[in-house]
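Residue numbers (numbering that gives the first Met the number 0), protein chains in the order written: chain A, 0 to 347; chain B, 0 to 347; chain C, 0 to 347; chain D, 0 to 347.
It should be emphasised that the hints constitute simulated quantities derived from the structure, not laboratory data.
Covered, in the sense of this in silico footprint (three residues per stretch, anywhere, with C-beta under 8 Å from a C-beta of chain D), are these stretches of chain A:
hint	stretch
1	17-26
2	37-48
3	281-287
4	331-343
What follows is a set of in silico ranges between Cβ atoms, one per label pair, in the way DEER data are often shown:
hint	chain 1	residue 1	chain 2	residue 2	range
5	D	Ser-305	A	Arg-40	31 to 41 Å
6	A	Arg-40	C	Glu-107	32 to 42 Å
7	B	Pro-73	C	Thr-54	35 to 45 Å
8	D	Glu-107	A	Ala-264	56 to 66 Å
9	C	Thr-54	B	Thr-2	30 to 40 Å
The structure presented is a predicted model; accordingly, all values stated were derived computationally and were not measured. Backbone N, C-alpha and C define an ideal beta-carbon position, used for all residues, glycine too.
There are 4 protein chains.
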Amino acid sequence: MITVSIVNVTSYTGLELLRLLAQHPQFKVTSITARSAAGKRLDEVFPQLRARTYTPMVIAEEAEQTDLAFVCLPHAAAAESVVKLLERGTKVVDLSADFRLRDAALYEEWYQHTHPAPALLETAVYGLCERYRAAIEGASLVANPGCYATAALLGLLPALAMGISGHDVIIDGKSGISGAGRSLTLGTHYAEANEDVSAYSLTGHRHLAEITQELEAALAGGLPMNRPLRITFIPHLVPMTRGILATCYADLNEERASTTAEVRALYAEYYAHEPFVEIVDQPPHTKWTYGSNHCLIYPMVDTRTSRLLVISCLDNLVKGAAGQAIQNANRLSGLPETTGLPPVSVYP
Amino acid sequence: MITVSIVNVTSYTGLELLRLLAQHPQFKVTSITARSAAGKRLDEVFPQLRARTYTPMVIAEEAEQTDLAFVCLPHAAAAESVVKLLERGTKVVDLSADFRLRDAALYEEWYQHTHPAPALLETAVYGLCERYRAAIEGASLVANPGCYATAALLGLLPALAMGISGHDVIIDGKSGISGAGRSLTLGTHYAEANEDVSAYSLTGHRHLAEITQELEAALAGGLPMNRPLRITFIPHLVPMTRGILATCYADLNEERASTTAEVRALYAEYYAHEPFVEIVDQPPHTKWTYGSNHCLIYPMVDTRTSRLLVISCLDNLVKGAAGQAIQNANRLSGLPETTGLPPVSVYP
Amino acid sequence: MITVSIVNVTSYTGLELLRLLAQHPQFKVTSITARSAAGKRLDEVFPQLRARTYTPMVIAEEAEQTDLAFVCLPHAAAAESVVKLLERGTKVVDLSADFRLRDAALYEEWYQHTHPAPALLETAVYGLCERYRAAIEGASLVANPGCYATAALLGLLPALAMGISGHDVIIDGKSGISGAGRSLTLGTHYAEANEDVSAYSLTGHRHLAEITQELEAALAGGLPMNRPLRITFIPHLVPMTRGILATCYADLNEERASTTAEVRALYAEYYAHEPFVEIVDQPPHTKWTYGSNHCLIYPMVDTRTSRLLVISCLDNLVKGAAGQAIQNANRLSGLPETTGLPPVSVYP
Amino acid sequence: MITVSIVNVTSYTGLELLRLLAQHPQFKVTSITARSAAGKRLDEVFPQLRARTYTPMVIAEEAEQTDLAFVCLPHAAAAESVVKLLERGTKVVDLSADFRLRDAALYEEWYQHTHPAPALLETAVYGLCERYRAAIEGASLVANPGCYATAALLGLLPALAMGISGHDVIIDGKSGISGAGRSLTLGTHYAEANEDVSAYSLTGHRHLAEITQELEAALAGGLPMNRPLRITFIPHLVPMTRGILATCYADLNEERASTTAEVRALYAEYYAHEPFVEIVDQPPHTKWTYGSNHCLIYPMVDTRTSRLLVISCLDNLVKGAAGQAIQNANRLSGLPETTGLPPVSVYP
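Model the full assembly from the supplied sequences, consistent with the hints where possible.
In structure tokens:
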């Protein structure tokens with residue numbers, strides 16, 4: 000067994016790790032922390048975990064020594080925790096944004112905070128197995144991608160890497176409300192959020208930074224980068240607990256592919272060996288991914304306008320957070336990537 | 000008092016007309032029809048109307064003579080009803096799509112049906128008061144716009160009429176599920192639609208035809224029409240009963256306006272005298288329009304990409320259907336457009 | 000016109016008063032207060048009210064002189080405000096619990112607070128028009144009933160006043176989440192409350208005190224009170240914004256009525272002249288009352304067990320709060336009780 | 000491996016069996032049927048299962064030979080299928096109501112249908128492991144209990160078997176909408192069911208028959224049965240996909256237990272060795288059981304009225320259907336009851 004700790008277990012991603020790891024055959028959670036709940040028994044804080052797998056675990060203030068750690072702290076706090084964990088030889092999957100951007104200056108611009116551990120940026124690997132599988136295998140620190148970023152990148156990487164699209168990209172994201180976390184705000188108060196849709200972060204959602212970084216990297220490996228990408232990303236909150244759907248619009252490079260069938264064939268080829276990415280033949284529903292680690296992608300050509308249209312969806316707490324973290328941890332630990340992850344979503 | 004009939008009262012738009020007209024000081028509903036419920040008392044079919052304003056009205060198969068009629072039939076059936084109503088001198092607000100498109104061939108292409116009354120297309124007026132107020136005033140037949148079309152057009156008309164945007168337009172629509180009507184389908188079955196978001200009609204939603212017609216007309220009145228508009232419109236279903244939010248992306252014509260402040264000033268000018276359109280200074284929520292006839296619009300410049308971004312929202316059953324129909328009927332009848340329409344939305 | 004003020008306008012009941020009063024032909028809101036938002040324009044705090052009826056009203060710290068005031072403060076704070084308003088000759092509808100219980104000791108027991116103005120308890124009238132219409136007409140202070148209490152009392156008063164039921168009463172209440180107010184709590188955080196049902200306040204919800212007081216008073220006017228009522232009231236939170244449904248179970252007094260038809264006839268007689276109470280002939284839905292001031296009641300006999308079963312529902316923010324407050328204010332002001340209240344609910 | 004078939008896989012219980020069995024280490028689904036979808040690939044009908052565990056299974060009209068079968072047909076049709084399966088030596092867990100009632104006359108009364116296989120009623124075992132574990136072990140046909148019945152029985156069995164309660168019992172049930180199945184009805188149409196609560200089946204929900212049968216049987220084993228039970232059961236539909244909460248009210252036998260602590264201790268003792276029943280120390284939430292096979296029970300004394308109050312909740316599709324069926328199948332097959340069932344619920 001490989002021992003693992005969950006740092007800041009009281010976040011929704013921490014809770015989701017608990018759920019998923021309860022069925023993992025190789026990882027054993029031996030340490031859980033949360034400053035606000037330190038000293039309490041897990042089932043006091045989360046009665047839904049009463050008398051189950053994890054009882055009578057006690058939440059600690061600091062993580063004990065484990066082989067691997069999942070860090071679910073907010074940015075900046077996460078980096079400080081990661082430094083300590085790495086120093087004691089623990090491999091880390093960090094679910095915060097602290098090690099996603101390779102450039103500390105960019106981090107400072109987007110997160111309004113001097114990076115707490117810029118030296119680690121070079122060794123950290125962006126934890127999208129579908130892109131950086133080999134690097135993750137040998138890494139000690141994996142930066143788990145953001146939820147929107149995962150949906151958008153899996154939807155658009157083939158387009159940019161294979162030259163199917165041009166440089167103009169629009170990502171219209173729709174997210175369930177658990178994506179906003181467990182902190183109380185008026186915008187996530189039930190009576191305000193129910194029966195409502197709205198756009199937010201219009202002047203720049205932070206996930207745009209990592210989306211841009213990774214799409215540009217993909218482009219560099221593909222077509223000549225004659226001009227920078229022009230990416231607009233607008234997230235929206237929709238009244239449901241889980242799920243992200245990214246509707247992506249891009250100019251089509253008709254020399255590479257001009258019909259839906261051609262585009263779909265390229266996408267299918269790109270993801271031919273991916274266990275968690277599916278190219279579907281009808282517009283996917285977020286509900287089809289509820290509770291599972293799958294990302295469903297529907298690419299097509301809008302023939303009236305010769306635009307490339309890609310719809311991508313996933314569960315923001317699983318493939319968009321805890322599930323992907325376990326996928327990364329599996330890879331880090333030399334296990335098959337699918338180990339312990341649920342094969343079927345919860346439906347309806 | 001002006002007598003009005005509601006043809007096919009058992010649709011959600013028919014029901015919403017009943018709700019709104021119950022408070023109208025000048026219109027009196029004297030005739031209601033519905034083939035499936037003919038002969039029944041209104042409160043047998045809709046217990047929520049029991050012993051209220053409309054009891055004991057009986058649903059008829061055919062409308063009686065009234066000054067004005069609201070036709071809530073599906074397309075094709077609507078046109079047949081409209082012909083009869085006009086012949087007997089009744090003014091008509093048709094809530095179907097039958098008289099929205101000026102070109103019968105276009106209608107046939109989109110609706111897969113030969114137009115039942117092409118001769119009327121010339122006299123029908125597209126019922127967007129904000130655009131065709133004068134023509135509506137003298138009309139006998141008003142074609143009430145589609146719900147998505149209303150949101151998209153009110154959001155984009157200033158951009159195209161005033162030359163703020165170029166020719167590339169993307170409309171990402173999100174609608175509550177009442178927009179799919181009262182007919183039973185698996186997609187609108189509660190357990191399937193709840194906790195789910197999905198895109199639909201990807202090969203072309205019918206509202207695209209009227210959006211294109213009206214944006215091109217606006218363009219013709221504004222900038223030189225050197226090339227056709229290139230419009231992509233993708234609708235999505237979100238798990239709520241009411242509300243539409245349209246997120247519109249377009250290229251910015253920086254010679255006309257290059258900052259959010261400039262764009263907003265032009266929009267404010269364009270809608271300066273509109274009672275039901277508001278230019279808001281923060282991203283609007285569909286909930287802010289719940290049950291009211293208002294359309295809230297938030298235009299801005301995405302400075303990273305020099306794109307124009309316009310967010311527009313409304314209640315699909317009010318400004319997107321029954322409320323706008325009453326606004327049109329008010330205008331048709333020489334009443335102030337706001338007569339009888341609720342000034343404040345239902346919140347939360 | 001009668002001038003009115005809303006004290007603590009930023010509560011959901013305050014907001015709902017704004018919505019309903021916008022259509023009231025006789026009441027004019029001339030003063031609004033809220034400590035937390037004092038000095039701000041109403042539409043800054045509630046953008047959904049932008050450029051409508053109430054703009055550009057400014058929220059004050061203290062109410063200005065008006066003919067009538069609606070007090071939406073929490074208990075204890077409400078009483079202090081009421082005292083001041085009455086001193087300056089303003090009639091008051093208090094939406095808090097401060098003047099609902101006639102016995103100051105009982106208030107202290109349930110609200111853990113010495114009553115701030117016990118002298119007023121004698122003159123305050125419990126604001127259920129269906130029960131105390133005449134007293135309300137001559138009052139200066141009306142205590143608007145609680146939302147659960149309104150649903151339960153309207154459902155059970157005929158049973159106890161007319162001797163249809165015995166002394167054993169169980170009330171199982173189900174409420175939408177707006178009933179919990181606008182304060183942020185984990186239990187009303189969207190991701191926690193969505194897709195969830197739970198019971199709460201199991202050791203005694205405060206509305207039980209007023210339900211008991213009023214049912215015992217009804218009993219006193221009816222059957223001999225040979226033993227005290229034995230009332231259990233268990234409230235539940237259900238994932239919707241508005242609506243309360245009370246399912247009431249009581250022993251049937253078969254000498255008075257032994258069939259559903261007989262019970263229904265007595266109920267219909269009891270409420271024969273009530274504009275806002277309907278005896279329906281099928282189980283009512285909370286949605287049938289959404290946004291309206293109606294209470295729908297379905298009484299029946301469970302023939303297997305000879306139990307009386309009464310289902311009662313209403314919109315907790317309208318008949319359960321702001322709408323009933325206006326009904327009381329109409330009565331206080333000598334206007335017809337229905338003045339300005341919406342005749343039809345919002346459906347679907 | 001033990002081969003299993005799912006008869007009528009296109010029901011929600013069939014789908015949930017697919018989800019849960021995908022992680023079962025001993026059961027292998029080798030045959031799936033559904034009349035309406037016969038001949039189609041599973042992933043054509045349910046795209047959420049695309050390219051996963053079960054693809055490319057084809058839905059058949061008739062089940063192939065397997066060791067065990069789960070029958071998810073409607074009543075009457077189920078019995079016919081069960082007869083055939085038993086004849087060929089297949090053990091059966093029947094999820095319909097056909098073999099739950101021991102008395103064919105009672106079945107005919109409640110289901111308006113002559114029982115298709117009354118001879119089997121004697122050998123069928125009511126599939127509540129917590130009550131009939133030993134009998135299930137040796138059975139060939141297990142009748143899986145109804146969803147409401149499971150929640151009510153687990154909540155009330157200790158009370159009646161241990162003499163904690165008297166004969167008066169009220170069960171107020173609240174269910175998510177998936178309980179109504181996959182057939183389209185106006186009542187389960189999203190726009191009608193959303194933001195709504197209502198009671199239904201007021202003249203007698205069919206689960207009342209099995210609840211009565213089993214509570215009376217429990218009583219027979221406990222206290223002297225001096226008079227018949229007097230059970231009222233009223234189900235309600237609440238706007239969520241999954242979950243049942245049963246609020247049970249009964250007279251307290253104070254000689255047996257008079258405080259919450261005493262009652263809770265007896266309940267804890269009764270369920271001391273149950274893997275799927277938890278006595279919780281705060282009012283449980285249906286969300287705590289989402290996707291898991293647990294039933295959470297909160298018993299207490301309402302001290303004001305000396306009533307016993309028991310709140311019981313579970314996921315209607317898991318412990319209320321497919322999960323319990325697997326629990327039964329595990330027991331039938333000599334496996335530990337918990338085999339393959341998820342240890343932790345999906346939260347939030």
